[in-house]
Structure formats: structure tokens, C-alpha cells
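All letters in the sequence shown, in the order written, are residues 369 to 674 by my numbering.
The hints are simulated quantities; they were obtained by calculation from the structure and are not laboratory data. Since the model is a prediction, treat every value here as computed from it, not as a measurement. Any given hint could be a false lead.
Stated by the list, open to error - Label-pair distances were calculated between CB atoms; the ranges are: (1) E646 to S559: 43 to 49 Å; (2) L447 to V561: 40 to 46 Å; (3) F547 to G439: 40 to 46 Å; (4) L594 to D553: 46 to 52 Å.
Quick reminder that beta carbons are idealized off the backbone N, C-alpha and C, glycines included.
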Amino acid sequence: MIDIIILMLPIFSMIAIGSLFLHQGWFPSEGLPILNKFVMNACIPALLFSAVTGSDSFGAEAWRNAALYAGASVLGCFLLWVILRLVLKGHGAQSVILAMGAATANSVFLGFPILTIFMPDSANEVFAWIIIAEIAFIIPIMTTLALMAEDRDDTSVGPLLMAFLRSPVAVGLFAGFGFRLTGLDLPDWTSQVIKSIVSAAPFIALFVVGGTMLQNRLTRSGPRVLAVSAAKLFLQPALVAMAFGLLIGWDTDATKGAIVFATMPLFLSFVAFASRHEVEDVAASSIVLTTLLGAVTVTLTLSLLF
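Assemble the whole structure, with the sequences as input and the hints as a guide.
Following this line, the structure appears as C-alpha cells:
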């Protein structure tokens, strides 16, 4: 346990630096969205392109892992929806979008930086199929179901699909698969440029987490916040662990990587998705609560795995 805590100290330190800089006014809060966009629009597409083109094993096995991760996670969404809708008597669309909280981890800003420490050789590859699971399966499924549950006329799925296809993340994935089909190798200078961009992601991502934590305070508690937080921190890791452990094997990089990502707190964009359905306060509180508790649950999980 002590060894794990020591390894996690750089992660906690970088998050603390982000909070400190915003608290002291050394970095403007208006700059966080810019850093966020840099990570999402520059670092992550480059990382996905590199993972897809640079891995000899990225093929059917990666897609199987992505589908398995997505299936276990969506099952968690359904179980959380049952609690939110049938037990807590929540609104239809609001319950669906909040149920997505059981499956959307902070993979970019926490999961990837942590996995690069504990599984440096396979972190990029695991991250690639985790992102595929989230952006190709989990998020489209849950946002579409939330739209279908609305009593509004402007619930077309088409604009959401087009926005995804045009996003830098999708472009990075598709470009990687396209280049992979050519069978060519990237020039050394191109690989170096991509590596330089990717190397900037972990620190900037953790800095953003620290600053965002200072902005998204725990402003609302209640049964829905507790339900979403518990599902994210405990239900998703349990379902993912059972799925991968039983079908692939417990002592594999895929299983360990999947569990690490599933253990992460809620992703920061959860507020944006929830705002359409007027439950952004619940989402923000859930992000803060899972991030605070995640300092303990993530550390415990890592100590069990490594």
C-alpha cells in the first residue's frame, strides 16, 4: 500500500498544483476551458492515432475488449436507471442521462495519467479501446436514450452523430485506422512530433482536474448524487472486473487496465451532458464527490491490482 501511495504522489501533487494556482489567482479560471480543449482536440487525437498505428495487436482483440467494457458499463447504467427512475421516482430523461454516470469515467484526465505510471508499456493501447468503448458505444447509447425519453420536438439524433464524426477525437481514431490499412510506417520526425504532443497530456490534464475541482463545489447532496456516485465508484468497477475476469482472465493487462479505468471518478464533461436535461447541479456534485472519494477507492484498487 505504501508503494502505491508513493507512486500516486505525482498524480495528487499535479492535481493540488492546479487547485493552488487557481486559488491563488496565478492562473485564470477562464484558461481552464482552453487547456481542456488543447488536451481533447490536440493531445488525445494524437494519442489515439499513435495507439492505433503503433500497436501490432490493435485489431479484433481491441474491439472485443471495447465491446466487453461497454457492455458491462451499460449494464451498470441500466441498474442505476432502475434506482433513479423506479426507486427515487426521477424524471424519465433526467434519470437516463444521470444513469450514464455509472459508465463514464474520467479516462482522459485521470485514467490515462495513472495507467502510464502502472502499465507504461500497454497504457496507450488500453486507453485507445477504452475511448472507443466510451465514444462509440456508451455515450451515444445513453444520450440517444435520453433524447428518446424527452417530451420535446428537437430530439433529433442526427446532429449529435454529425458532431461526433467531426470531432478531433473521431478524426484521430479514423485517421489511425486509415493509416494502419496502408501498411506504411510513420517517418521518425512525425513520430517524434506526435510523442511530444502526447507527452504534454498527463500534466495538463491533471492541472485541469485540480482547477475544476475548485470550481465545481459540492453544492447539492441527496439520494441522486449518492446513487450516481456509488454506481460510478463501486458498481462499474465490479461489473467490469467480473466481465473481464471471467471471460478473459484475471491476470491480464486488458483486465487490469479495464478495472483501473472503471475505478476512475466521473468525467468532467458529465455536467455538459446533464445540463441539457436540467440536472447539471446533480452532475457537478457527483463529479466532486466521486473525485474526493476516488482518492481512496482508486488507491485501494491499485494496491490490489499491482
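Here is what the structure says about each hint:
1. The supplied range of 43 to 49 Å is met by E646 and S559, whose beta-carbon atoms lie about 46 Å from each other.
2. In this structure the hint that L447 and V561 lie 40 to 46 Å apart at CB holds, the actual value being about 44 Å.
3. For F547 paired with G439, a C-beta distance near 29 Å fails the hint of 40 to 46 Å.
4. Between L594 and D553, the C-beta spacing of about 51 Å keeps the proposed range 46 to 52 Å intact.
When each numbered hint is compared with the structure, a violation occurs for hint 3 only.
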